[in-house]
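> Below, each chain spelled out in residue letters.
Protein chains: 2
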Amino acid sequence: MNDKNVRIKDIAQLAGVSVGTVDRVLHNRGKVSPETLEKIMGVLKKKGYKPNLLARTLGSNKKFFIAALIPDPTLDEYWAHSNAGITEAQEEWSHYNIKVGTFYFNLYDKASFAKLAAKVFDSRPDAILASPIFHQEAMLFFKLCSKNNIPYIFFNSNVPEVEPLCFIGQDFYQSGRLGAELLDLSTKASGTFAILHIYEDIHNAIHLAQKEKGFIDYFLEKNNQGFKAISLDYSHPQEPSLEKELLALLTDPKMKGLLVTTSKGLFITASFLEKHGRKDIRLVGYDLLRENIEYLKKGVIDFLIHQNPKRQTALGISYLANYMLFKKTIPNTDLFPLEIITRQNLKTFNI
Amino acid sequence: MNDKNVRIKDIAQLAGVSVGTVDRVLHNRGKVSPETLEKIMGVLKKKGYKPNLLARTLGSNKKFFIAALIPDPTLDEYWAHSNAGITEAQEEWSHYNIKVGTFYFNLYDKASFAKLAAKVFDSRPDAILASPIFHQEAMLFFKLCSKNNIPYIFFNSNVPEVEPLCFIGQDFYQSGRLGAELLDLSTKASGTFAILHIYEDIHNAIHLAQKEKGFIDYFLEKNNQGFKAISLDYSHPQEPSLEKELLALLTDPKMKGLLVTTSKGLFITASFLEKHGRKDIRLVGYDLLRENIEYLKKGVIDFLIHQNPKRQTALGISYLANYMLFKKTIPNTDLFPLEIITRQNLKTFNI
DNA sequence: GTGAAAGCGCTAACAA
DNA sequence: TTGTTAGCGCTTTCAC
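As they're listed, the protein sequences go chains R and F. Here the first sequence is numbered in the working numbering, starting from 399 and rising by one per residue. Here the second sequence is numbered in the working numbering, starting from 399 and rising by one per residue.
None of the hints are false.
Identical chains share a label here; the pair holds if one copy fits it or two copies do between them.
Cut-off 27 Å, straight-line C-alpha distance, at most; resulting in silico cross-link-like pairs (DSSO-like, lysine-lysine):
{"hint": "1", "residue 1": "Lys-497", "residue 2": "Lys-445"}
{"hint": "2", "residue 1": "Lys-586", "residue 2": "Lys-652"}
{"hint": "3", "residue 1": "Lys-443", "residue 2": "Lys-497"}
{"hint": "4", "residue 1": "Lys-407", "residue 2": "Lys-443"}
{"hint": "5", "residue 1": "Lys-402", "residue 2": "Lys-448"}
{"hint": "6", "residue 1": "Lys-726", "residue 2": "Lys-444"}
{"hint": "7", "residue 1": "Lys-448", "residue 2": "Lys-461"}
{"hint": "8", "residue 1": "Lys-402", "residue 2": "Lys-461"}
{"hint": "9", "residue 1": "Lys-726", "residue 2": "Lys-460"}
Don't read these hints as lab results, they were simulated from the structure. Nothing here was measured: the structure is a model prediction, and the numbers come from that model.
Sequences are here, hints too, so could you generate the full structure?
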């Protein structure tokens with residue numbers, strides 16, 4: 399066992415060529431005769447050559463620019479976490495000549511997405527990390543990127559049609575099943591359980607549908623035990639009507655628990671339950687946002703499901719960096735663990 | 399805004415000295431006159447100099463050796479996961495001239511720990527990652543390391559007396575509270591809950607005591623609601639007597655749930671409950687081991703608490719690498735999130 | 001105390 | 001098609 403790492407120079411010597419030639423085959427830049435190519439290849443694998451990545455990036459002296467296209471973090475707490483992940487990764491990868499630029503669009507405004515996308519393009523990025531929440535607009539833009547050979551990774555939502563390098567997010571179906579299970583586990587008697595979509599943003603429709611399917615399937619599978627699942631959609635309601643509807647929903651004496659699919663809907667529901675003193679109703683929802691955490695602590699919310707938005711973006715940047723710098727292969731899709739948060743493990747996630 | 403990074407050369411120029419001198423102040427190796435020192439310091443912070451870490455490690459051409467001292471992974475599935483984390487990190491850091499050597503001792507044999515520790519020392523490591531499960535022996539050994547200025551990080555268990563660079567593990571107290579909470583949440587009526595230490599290895603005593611305290615405290619705080627907590631210690635029992643004891647324990651009609659603190663104890667208890675058809679008893683335990691997972695899937699175990707042993711060791715290596723390579727400061731203690739595993743989120747943790 | 005220069009492993013422009 | 005060589009930014013030895 400030779401302790402020393404084999405260098406290009408060693409390979410060159412063994413193959414009886416110069417380092418330049420070896421470098422050419424390593425990066426298959428051509429201009430190498432078949433014979434020497436074969437010979438070098440042979441030595442390469444025989445000695446198990448592994449490039450020194452430090453020397454590589456130092457020597458090549460390339461700068462990479464990654465554009466991150468995400469919703470404005472100042473407008474929404476959830477996206478602030480995504481943004482934090484980008485900041486973190488930015489710091490980590492700055493050593494490697496990788497710069498990250500952020501482009502914030504308005505979560506509620508398609509036009510702003512298109513406008514920012516154009517800006518992203520103008521910045522001539524080497525790669526893009528994006529949350530393509532406006533499906534149509536995203537499709538157009540990323541087709542353009544595709545044509546220009548700009549690699550992109552999506553997180554949070556996906557647009558499979560434009561085949562991103564990778565999608566980082568959660569398994570929404572399984573996520574709905576988990577919500578159902580948590581309600582089930584925390585309610586010993588059988589009864590009725592509802593899944594609520596409140597203040598759904600139109601671009602979330604697909605996710606919510608998948609969550610709903612998971613929720614319903616879970617209970618269907620135990621149908622014989624008297625579970626029921628109801629799906630309610632309170633998108634863009636007038637406040638008073640929402641309150642009335644919730645009231646009506648909860649008159650059902652068999653109603654045992656609610657899964658709320660949107661973070662905002664969650665704390666509205668929580669405040670409703672608290673106001674009406676409905677401690678008999680179990681409540682499960684998504685995201686570690688401030689108000690949700692408060693209601694979790696108070697015991698109004700029983701479980702939160704955490705999507706780890708910060709880690710999603712940090713990983714996205716890492717993937718792109720590894721892809722460009724080291725030609726690493728990236729998985730098509732990386733679905734995160736569904737993390738369950740309760741009062742007792744909350745602080746261990748130190749958010 | 400100057401886009402170009404300031405290099406040592408730039409600093410030297412601005413300060414009217416040579417790169418050698420700048421390097422000397424950067425690493426305060428002395429041999430610099432007070433005046434030039436001051437001048438260089440000035441330029442340094444004025445220009446916000448940040449060293450290029452790649453060039454640094456490449457230039458210094460140092461090799462680091464980290465010794466990992468852990469229980470034999472072939473003897474116990476839990477430690478196989480710890481070992482996997484080391485392998486993973488090994489790969490990741492090999493680029494940086496960091497080698498990791500593993501030293502496996504027998505989990506059940508103090509003498510083997512001492513023997514392997516001696517081997518570790520003989521290997522002249524630059525740093526050590528260890529699970530110091532034999533308190534006395536570890537104390538002796540790491541005092542020696544301390545004297546020899548070999549930094550060490552502990553994971554899984556701690557020996558605070560020898561002040562490791564960092565302890566990576568879980569908050570055992572909170573972990574016990576979480577176990578209690580999960581039992582509580584999944585049992586609507588009040589009743590009796592027990593915490594069981596089965597086949598406890600003597601060196602685990604402290605952890606188990608902390609878990610127990612967390613468990614008991616949780617229920618004490620709701621004492622008024624009729625909860626009870628019982629602590630049972632079935633260390634090193636004869637098999638038949640254990641079965642008898644469990645049988646006796648479960649005759650209590652108020653018994654609602656069990657928290658088992660050791661992985662082995664957990665699947666023994668699970669198989670017991672299954673055999674006797676006690677579906678009325680909730681069961682919570684630790685670690686994503688094969689048999690535990692099976693019982694979770696079957697519904698005999700309701701929740702598993704995951705300690706992420708793989709990530710613990712991978713992080714340990716990362717910390718040491720960053721410490722030696724980049725002089726990064728490491729937290730004294732890194733307590734991991736307590737991850738809750740159920741049937742529905744199990745697969746998303748793709749173990 | 002200080003500076004010059006070689007070298008870390010790799011890249012890429014240029015000569016041959 | 002191949003070899004040579006000057007960097008990349010930093011460390012470290014050695015001479016002054």
